[in-house]
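Enquirer: Going down the list, the protein sequences come from chains L and E.
Position 193 of the first sequence, counting from 1, maps to 385 under our numbering, and the rest follow consecutively.
Position 160 of the second sequence, counting from 1, maps to 165 under our numbering, and the rest follow consecutively.
Since the hints were derived computationally from the structure, they do not count as laboratory data.
Among these hints, one or two may not hold up.
[Unchecked claim] A few chain L residues that face chain E, going by a derived Cβ cut-off under 7 Å, partial list only:
#, residue
1, Ser291
2, Gly294
3, Leu297
4, Ile298
5, Ser301
6, Ala453
7, Phe460
8, Val464
9, Leu467
[Stated by the list, open to error] Some chain L residues judged to face chain E by a derived CB distance under 7 Å, without partners named:
#, residue
10, Ala228
11, Ile276
12, Pro279
13, Ile286
14, Leu289
15, Phe293
16, Gln304
17, Leu305
18, Thr309
19, Leu415
20, Phe418
21, Ala457
Since the structure is predicted, the reported quantities are computational estimates derived from the model, not experimental observations.
Glycine is no exception: its CB is placed at the ideal position from the N, C-alpha and C atoms.
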Amino acid sequence: MIGDIIQLLIYGIVTGSILALGAIGVSLVFSILRFAHFAHGDLMTVGAYAALVIVAGLGMPIIVAAPFAVLVVAVVAIAIELSIYRPLRESSPIVLLISSFGMALILRSAVQLIWGTGNQVYASGIQLPIRVGGIAIKPDHLWIIAGTLGLIAALHVFLQYTKFGKAMRAMADNVDLARISGIPTSRVIMIAWIIAGGLAAMAGIFLAMDTRLHPVMGWQLLLPVFAAAIVGGIGRPYGAMAGGLLIGVAMEMSTMVINPAYKQAVAFALMVATLIVRPTGIFRGSSL
Amino acid sequence: MELAGLLSYFVFFASFACIYAIMALGLNIQWGMTGQINIGVAGFYAVGAYTSAILTTPPTPEHLGGFALPVIVGLIGAVIVSGLLAVLIGMITVNLRSDYLAIATIGLAEIIRFLIKNEEQVTHGVRGIAEIPRPLVESGPLAGPVFLVVALICVAIAYFLVERARVSPWGRVLRAIRDNEDATKAAGKNVVSFRLQAFVVGSALMGFAGGLYAHFFGFISPEAFQPVFGTFIVWAMLIVGGSGNNKGALLGTVLVWLVWSGTEIFTRLLPADMATQASAARVLMIGVLLQIVLLTRRQGVLPEERPKPIPRGDS
Numbered sequence: 193m194i195g196d197i198i199q200l201l202i203y204g205i206v207t208g209s210i211l212a213l214g215a216i217g218v219s220l221v222f223s224i225l226r227f228a229h230f231a232h233g234d235l236m237t238v239g240a241y242a243a244l245v246i247v248a249g250l251g252m253p254i255i256v257a258a259p260f261a262v263l264v265v266a267v268v269a270i271a272i273e274l275s276i277y278r279p280l281r282e283s284s285p286i287v288l289l290i291s292s293f294g295m296a297l298i299l300r301s302a303v304q305l306i307w308g309t310g311n312q313v314y315a316s317g318i319q320l321p322i323r324v325g326g327i328a329i330k331p332d333h334l335w336i337i338a339g340t341l342g343l344i345a346a347l348h349v350f351l352q353y354t355k356f357g358k359a360m361r362a363m364a365d366n367v368d369l370a371r372i373s374g375i376p377t378s379r380v381i382m383i384a385w386i387i388a389g390g391l392a393a394m395a396g397i398f399l400a401m402d403t404r405l406h407p408v409m410g411w412q413l414l415l416p417v418f419a420a421a422i423v424g425g426i427g428r429p430y431g432a433m434a435g436g437l438l439i440g441v442a443m444e445m446s447t448m449v450i451n452p453a454y455k456q457a458v459a460f461a462l463m464v465a466t467l468i469v470r471p472t473g474i475f476r477g478s479s480l
Numbered sequence: 006m007e008l009a010g011l012l013s014y015f016v017f018f019a020s021f022a023c024i025y026a027i028m029a030l031g032l033n034i035q036w037g038m039t040g041q042i043n044i045g046v047a048g049f050y051a052v053g054a055y056t057s058a059i060l061t062t063p064p065t066p067e068h069l070g071g072f073a074l075p076v077i078v079g080l081i082g083a084v085i086v087s088g089l090l091a092v093l094i095g096m097i098t099v100n101l102r103s104d105y106l107a108i109a110t111i112g113l114a115e116i117i118r119f120l121i122k123n124e125e126q127v128t129h130g131v132r133g134i135a136e137i138p139r140p141l142v143e144s145g146p147l148a149g150p151v152f153l154v155v156a157l158i159c160v161a162i163a164y165f166l167v168e169r170a171r172v173s174p175w176g177r178v179l180r181a182i183r184d185n186e187d188a189t190k191a192a193g194k195n196v197v198s199f200r201l202q203a204f205v206v207g208s209a210l211m212g213f214a215g216g217l218y219a220h221f222f223g224f225i226s227p228e229a230f231q232p233v234f235g236t237f238i239v240w241a242m243l244i245v246g247g248s249g250n251n252k253g254a255l256l257g258t259v260l261v262w263l264v265w266s267g268t269e270i271f272t273r274l275l276p277a278d279m280a281t282q283a284s285a286a287r288v289l290m291i292g293v294l295l296q297i298v299l300l301t302r303r304q305g306v307l308p309e310e311r312p313k314p315i316p317r318g319d320s
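Bound-form chain E, shown alone (with noise of 0.2 Å):
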């Protein structure tokens, strides 16, 4: 592979890690922070990628809208509608057990699944939503750096709001939460209320994400929100990395990228008829690696750094 071609890969690899960045840190609020368990962030991924699709494609036919609004509108709408989704889901499950959570979130996910492979009309079927458009510069050599650069932002933007609110008295609750949920109660919190802010915030990033995902590749199908690529993923990379820490949710992403990339440049070198299994080699390698960071390093690489204490007379 000549150089062109190398960079042009990197700046790929490194996009779709953006995106697999904020992910991590929705999630990050979610478990690491308030210890939800969200078995479906492919549900609020897809949804976020189809509704920011819906919002900027050109007017069409073939499915619903078509409303060629600005790249923007259509992130702001993924952010909106995966929001809501997450407040319907979050108050059917906010006041049982976090397995409940885990299996009404893994049952939304399905299902979204299921209708958009269904309801043609509005998401295209199977064959998908095409002409996405690309933020800034549509085509040409210009078009992935310029990209990367707006994820890269996006990523900043994420990471430096996740990472305020996590210092932040409303971060400090939901840890409380997470830690001792009746001590906070007696402590005068609201419980439930933080719970469902937490539970929409981390959703809505992961819509933020899917409506990047659909301006990255400019094509969507249902193919792509499978709960491997959708989900399984997303939860490697947070505990690998270090869950609760914003810094390990970054770098969790970037090491379970560089397994998951690197070794479908392997796959690819296989013959065609051993590709299907490379690939399940590879989603059963990530599994072990999950396993063995929980059972050996279960705070993962970066380890949640505890806040210091505030001084006596200081607050």
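Excised from the complex, chain L in its bound form (with noise of 0.2 Å):
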């Protein structure tokens, strides 16, 4: 029973850092620039099948494959941003909201034009998984955590102690406020766009060596990676990682209760009452 608890908080810690990481990036756009990007989850999408042109057509392992989908995912998220989302920043953020949904059903169609509607892995045959007492890890499960604490790191280097890090924080913090005082506001938001899309990116290949590829993946992902967001306090990069791994570890240990189905369900429940008790989230974000 308790080994079955800390197998369950293993899948919990995996499932919360692929969350973490993609609410991260929804919580840096909404931030900065104040719209919920409904196609964050297949952006994920995006960089998990990127990888897979490296990892399945050139035979390179996932970590060289790595830092092409990352490449992929960034030019791809600068390229929406420049040829739709800046034109549409003029109006109001609901019509960018609206374009990104419309995004998300791009992406997802062009992956399925590209690469087909099945299922597909990184590597096939069955990973062995390291014994410990009665608990199987798998070794794919460390380096999805390891590679998520890393990234965090990385994150929070960059958030606390460079220039644009800095500048970052100042245009979630006062949009307007930081242009007068001289921020390069546009700039800031490419580097912001570039950092959400690697992190889905890796949230994306990170998801794939968990269970496998599908044109819909990222997409099934959206709603726990907002309530990622949500939970932790939207706009609040480091309440998107707590409130990943709480979503997370919610969502495989309710499996021990109700059907596995309704993961998400979970997931959603914790959001709602997020919105009712506490609407800024546990890190005092932004709402209303």
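Taking the hints as your guide, dock the two standalone chains into a single complex.
Expert: Here is the structure:
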């Protein structure tokens, strides 16, 4: 029994890591551009498939494919920003939200057109788990957790100690104030997209390592990612990390008592509870 | 294709367009008039369809009910249940920024789809519900045209009601909320209550459209309520046609539905192994169309008609 709980906790941390990487991006985009980015899940999908090109096409290991995928998604995110989101920004953020919803379906259809609609995997065959006591840990899970920790540490250093990291936090606090203090806001927005896109690519790769590749894999994770961002306090990258972990663990733990098909409903319930009790989230993000 | 085939295809096309038109009108109340984002249109559509199906099908052990009630009772049930669901979601999000409504509705739609897939004793899961009766004429060559007439009448009534609502004081308050919430509040309007009303009325229309869909096909399964068919296309219709304009909602429905159905004819000519790719290409095309309209003509083909200012002394 206790073994089962620890096992589920490990699964929860793995899921939570993937959610956290997605939620940080959503939070970053929200705090700087003030809209909920509905295409974020599909950016993850694009990242996972971009890595597949290197892994399956060239036979390279994932660790080589990851930087390529990060680059691809960053370029895709910037292309969308320049061609669509920037021109739309003069109107209301609500229009951006609708546009991003359309973008989500464009990205997903593009993935279906290029790679087909079936399931795919990076490496076929069964990975032998490492057994500690009654608990089985797959090497992939260790990679996902370690990779997430590394990325979060890097993001922390970036946000706290670099010029652009500070500028980004300033913009998140008050865009107008940031602009009149001479912060190059459009360059900060570009960097935010690179970070959000890059993290989405990594989340997509981790998700594909944990499960499989499928054109709707990212879309299916969009709700838990938003839930993580909201529970953590939308617009707060550190909150998104905590929210991701919380939602991930809650989703996996819930399978002890309810049908695993309703994992998403657990994320939704936590999100709704947050909206009712404390709409600003744990870390006092922006609301209203 | 001979004439009879062409005619029956037209009846099918027009009937389906009527169902979408009612959804577009519902979304127009929410987005066009009030500025609320409902990305869970498919959820209300599905709830309406399943409610009506369960109420009207003959008794069966396969799913809940089979109450064999008349179609009209099923449709009323669809309106009530989807409306109640909207009250629930609306109450949670009505005080929050519209982003939260978007996120909550998308979550709701996904969970409804999971529920439909997994709660087999209620919905018969992925195998769906069959034997849903058609209105008035059950089968035969007249069933299609009769349904089309019924659907057209429904669209006409829905259009009339929504258009009346738009020009009424109620509609004016909704637009005022959309354009300047604080000023509306300052004018003494209960913004929260109006917003909730608009959301519920719009969602109830979507539920009604779902009920019609169930009686149109006679069979429903979770596949029909995916976000692409249930939500995305409706948004494309409203935005292409012109948000805030009910005529625009109808025109957009016809235009997008023409593009969607027209391209389907082409995909049928392709070999089977390319069919899935082709359907992805169609979604991509509608997505690009949506972006182009947003970028170049945000008001849509038929822009919103601003009501004329009331002459002095007349109010």
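Enquirer: Evaluate each hint against the coordinates.
Expert: Cross-check of the supplied hints:
Interface hint status for serine 291/L: upheld, as the beta-carbon distance to the closest one in chain E is roughly 5 Å, under 7 Å. Checking glycine 294/L against chain E: minimum C-beta separation of about 4 Å stays under 7 Å; hint holds. This hint holds: leucine 297/L has a C-beta 5 Å from the nearest C-beta of chain E, less than the 7 Å allowed. With 7 Å as the threshold, the beta carbon of isoleucine 298/L comes within range of chain E, its nearest partner Cβ sitting at about 4 Å, so the hint holds.
Hint status for serine 301/L: holds, given a least beta-carbon distance of 4 Å to chain E, under 7 Å. Because the closest C-beta pair between alanine 453/L and chain E is about 5 Å apart, less than 7 Å, the hint holds. Contact between phenylalanine 460/L and chain E, as hinted, is supported at the beta carbon level, the nearest pair being about 4 Å apart and thus within 7 Å. Of the supplied interface hints, the one on valine 464/L holds, with its beta-carbon coming within about 6 Å of a beta-carbon of chain E, less than 7 Å.
At a threshold of 7 Å, the smallest CB-CB gap from leucine 467/L to chain E is about 6 Å, leaving the interface hint in force. Hint on alanine 228/L holds. Least Cβ distance to chain E is approximately 4 Å, under the 7 Å limit. Hint status for isoleucine 276/L relative to chain E: holds, with the closest Cβ pair at about 6 Å, below 7 Å. A least Cβ separation of about 6 Å between proline 279/L and chain E falls short of the 7 Å threshold, and the interface hint therefore holds.
Taking 7 Å as the C-beta contact cut-off toward chain E, the hint placing isoleucine 286/L at the interface holds, the least distance being around 6 Å. The interface hint given for leucine 289/L holds, since its Cβ lies 6 Å from the closest Cβ of chain E, which is under the 7 Å cut-off. About 6 Å separates the beta-carbon of phenylalanine 293/L from the nearest beta-carbon of chain E, less than 7 Å, and the hint is met. At a threshold of 7 Å, the smallest CB-CB gap from glutamine 304/L to chain E is about 4 Å, leaving the interface hint in force.
The restraint placing leucine 305/L at the interface with chain E holds, with a minimum CB-CB distance near 5 Å, inside the 7 Å limit. Evaluation of the threonine 309/L hint against chain E yields a held restraint, the C-beta minimum of about 5 Å falling below 7 Å. The closest approach between the C-beta of leucine 415/L and any C-beta of chain E is roughly 5 Å, which is under the 7 Å cut-off, so the hint is satisfied. Annotation: interface hint on phenylalanine 418/L holds; nearest CB of chain E at approximately 5 Å, less than 7 Å.
This hint holds: alanine 457/L has a C-beta 5 Å from the nearest C-beta of chain E, less than the 7 Å allowed.
Against the hints set out earlier in the document, no violation occurs for any number.
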